[in-house]
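Visitor: Listed below, chain by chain, are the residues.
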Amino acid sequence: MITDLKSALGSPSIYLPTVATIADVRPISKMEKVFTVELPKGMSLNHKPGQFVEVSVFGVGEAPISISSSPSRSNGRFELCVRKAGDLTGALHTLAAGDRIGVRGPFGEGFPIERFRGKDMLFAPGGLGLAPLRSLINQVLDERGNFGRVIILYGARNPSELLFTDELAVWGKRQDVELLLTVDRADEAWKGNVGVITTLFSKIQIYPRNTVAFTVGPPVMYRFVIMECLAKGIAEGNIWVSLERRMKCGVGKCGHCQINHVYACQAGPAFPYSEIKHLGEAL
Amino acid sequence: MTFHVIPKTALPDWVERLGKSHRVVGPRPLHGQFIFDEVTSAGELDLSYPTTVLPPKKYLLPQREELFTFRGRGGETRLADDGRPTVVLGVHTCDLHAIQLLDLVFAQGNRDQHYLSRRESVALVSIECLKPCTPHSFCKSMGTLGVIDGYDLHLTDLGEEYAVDVGTEKGQALLQGFASVREGTEADNRLFNRVMGEKWPRFPLRLDFDITELPSLLSTSYDSSLWEELGQRCLACGMCTNVCPTCYCFNVIDEVDFTLSAGKRSRVWDSCQLDRFATVAGGHNFRALQAARVRHRFFRKGKYQTDAYGLLGCVGCGRCAQVCLVHITPVDTWNELNRRRSVASASAVVKEAKA
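Note that the protein sequences, when read in sequence, are chains A and B. For the first sequence, counting from 1, position 158 maps to 158 in the working numbering; every step adds exactly one. Numbering-wise, the working numbering comes out as the position in the second sequence, counting from 1, plus 1000.
Hints were generated in silico from the structure; no laboratory data involved. By construction, the Cβ of each residue, glycine as well, lies at the ideal position given by its N, Cα and C atoms. Possibly wrong hints are sitting among the right ones.
[What the hints assert, rightly or not] Cβ pair distances, simulated, as ranges: (1) A:L230 - B:Q1063: 40 to 50 Å; (2) B:P1062 - A:M31: 32 to 42 Å; (3) B:Y1222 - A:R157: 29 to 39 Å; (4) B:E1255 - A:A96: 40 to 50 Å.
Bound-form chain B, shown alone:
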């Protein structure tokens, strides 16, 4: 492959240059964790961060996003406009896979202009993960520990320098006129291949089965007793969906100003794990049991999204596992379903043999 090289010492200069034309966003430490946040200098960034509390999704689908304003019940409406050109630096490959799913969701069928216009204004600079970020991540099992596209620029840490792969013209533009960039040499290529070759064994496979089996595993596990067991444990706090890079369910709310006649309509993140998510005005709740809500979430992550979009609904980032107060995790859940299926089919074989 051919790639460019940026010395790490040139990062401050690059961030400053980008800042002239873009809002620059990247991982920065905060209270012992990391968040994606606006930065004004490279010194605030830490591109070797483990994971962030929230995924970079918030720049495409903000927690609270104004859709339009209105004046009076006559509804003189005006569309919100917030398309600041933004560069997101240091996106991990799991989060990049998640954004690829979101892109499909909001572009297919009815096009969601709010998401798509933000997406248009955002450039993604991803970074190769060279070692596991947290004990909770399981990207290798999910096949998200690498990317072939979806980024504008992709960085790989070569020690003193970054290898830079240009994915799009938008990415190319971010390097335009930046003197510190040079073409990769044969020696760079050898180093790149060594760095990449050494990374894979560092990551554990944490699922007991191949990821391509997940949709079929779930399709035979709908009535598993595990959902009831998880439903008993689950606190219905919604933290798992709050931190998820592929969750995009939302509610829409109106807020009025002091005149009580003008105001705005916004969409806000919602969660299928909250008890009234499927409740209609008459009071009937169409997903009243927590067990059913837990099941719905794991089916969306492991089957429904794959069936609808051909991409996984879970990218193995491990954030939900990290924040869950009662230790409900995708890895444990899917491995347990797999174990119960194996036990069930083994006992069926024994029964048949006896008969």
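Extracted from the complex, chain A is given alone in its bound form:
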């Protein structure tokens, strides 16, 4: 019998992590590594795209990390794409296959994928924002028949910061995926689009009444992508974001992730724009 990691939570403490093993570490850029994590035998993460886990390196601390792999490809393992940015992620980057870490979760409301059946899916991640959206993208591609068009607009600051380039190449070759890439600053080898991610919106035609858009990226990006989506005629309830916050406890207590009265770790981090546009602290 397979038990969910979540059911281990709360017994005997909601703050006690389950010890998991790093099965593989794969650097994918100068700053980012992909960690494949294996839970104890008989345990499964059973997550939804858009959820996150609290990752512990004992002696260093704990931090929220979005789940980068899709439930459809879990197989008892899951992937975390981690940028070396702080204490915890710095320590994580020193670990190798076979090392052990603590995991709690999955936390938050993921994207309600069942509500998007038959819709055209427009993904617009920026930079590291592809890490959480990759979970949803691969889930959609694994159930490709349930969806309309799949459009991926992906931007990074420069070509070396594009993540998951091997997968981008695969997506780019698929007939049923429309992939457009851009970089803020090109190098000599770059032959594609140059400019921020919003410059890609003028290159696509969509049917707004059947389109659901998803964007995750650096804080400055959201308002501009949302404006592009609204200008295209996509409904406010069909523009989804995932908001980065300091989810210290993950269980709605510690207060760090609050967006006005909303605990991002409980109600989010995935939100439709219609639900957060009235929150002064959201975007």
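Use these hints to put chain B onto chain A, whose structure you have.
Guide: The following block gives chain B in isolation, referenced to the frame of chain A:
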């Protein structure tokens, strides 16, 4: 009502009896102020204390609380266990209201076993406030100058004796076999009613509006210029949240021993008023302005907690007002918002009349 009576002369005996089975905690003087602290005799207690520096919250959510220990990066973890049976004597009704909110916060949704197990081991003996404790308190305005439940025992000072109301079986057990307790008589009841009747006029109403208006007042004051003005004054020291009986935000930290591989994970009080409270690893601060942080605190106290739990996030104890070095207080803040709203709506009426 029916209640028991304990003569004040029996207090030393009672404290000694309680001390045999419990850690006994109560208000005691220290350097001209009062603190809740462990006592071994009634002589150390002063149940007529004005207010304490920190609320009794610290026995339910300690400033630093070990969650578990670990050995090695493999994380062989062991849960901390500290559930000494404790009696807290002399809890004011404002602090009792605050604990009722904390009980909801830590029991609803994901149950926080650390808080709840401490809560289980703590008995609360509250005491009726008969006169204002400090010039800063505004419990009457907040509706916290009285309680109907939430205590295990509740004391009312009748002069020579205490009236004792038993709130729970846990409270009943604290009186078990204590010969000095007697049933209240008709004469005690008359005295009790006189004492209670005389107390209410002694307390001022310090808010210019009814407390039920506070959430709606705040909902129309989000963009008030007052937040910027307070943000300019605020020193971001976090004292207001440190002394608050309803604040419970925390950080979680790991500490390692000299082997650098074994250690413990603890939670420590944190404050939304500190500048890096909402900062993420990449360096982005999602509440970068002090004005926004001051606003967040007053919205939590006056609206967010009420919306989420149906209880006020501020109980009017006045501790934050007392410790603030730049005199930012809930009473002044909410009254000023109310004044500005009145001025704004009055000028809107005048404008409409002119048009």
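Visitor: Look at the Cβ atoms of B:E1255 and A:A96 and judge whether their distance stays inside 40 to 50 Å.
Guide: violated, 25 Å
Visitor: State, for the Cβ atoms of B:Y1222 and A:R157, whether the hinted interval 29 to 39 Å holds or is violated.
Guide: holds, 35 Å
Visitor: Hint says 40 to 50 Å; check whether the CB-CB distance for A:L230 and B:Q1063 agrees.
Guide: The hint (40 to 50 Å, Cβ to Cβ) holds, given that A:L230 and B:Q1063 are roughly 47 Å apart.
Visitor: Is the distance from the Cβ of B:P1062 to the Cβ of A:M31 consistent with 32 to 42 Å?
Guide: The hint (32 to 42 Å, Cβ to Cβ) holds, given that B:P1062 and A:M31 are roughly 38 Å apart.
Of the numbered hints given earlier, the model fails hint 4 alone.
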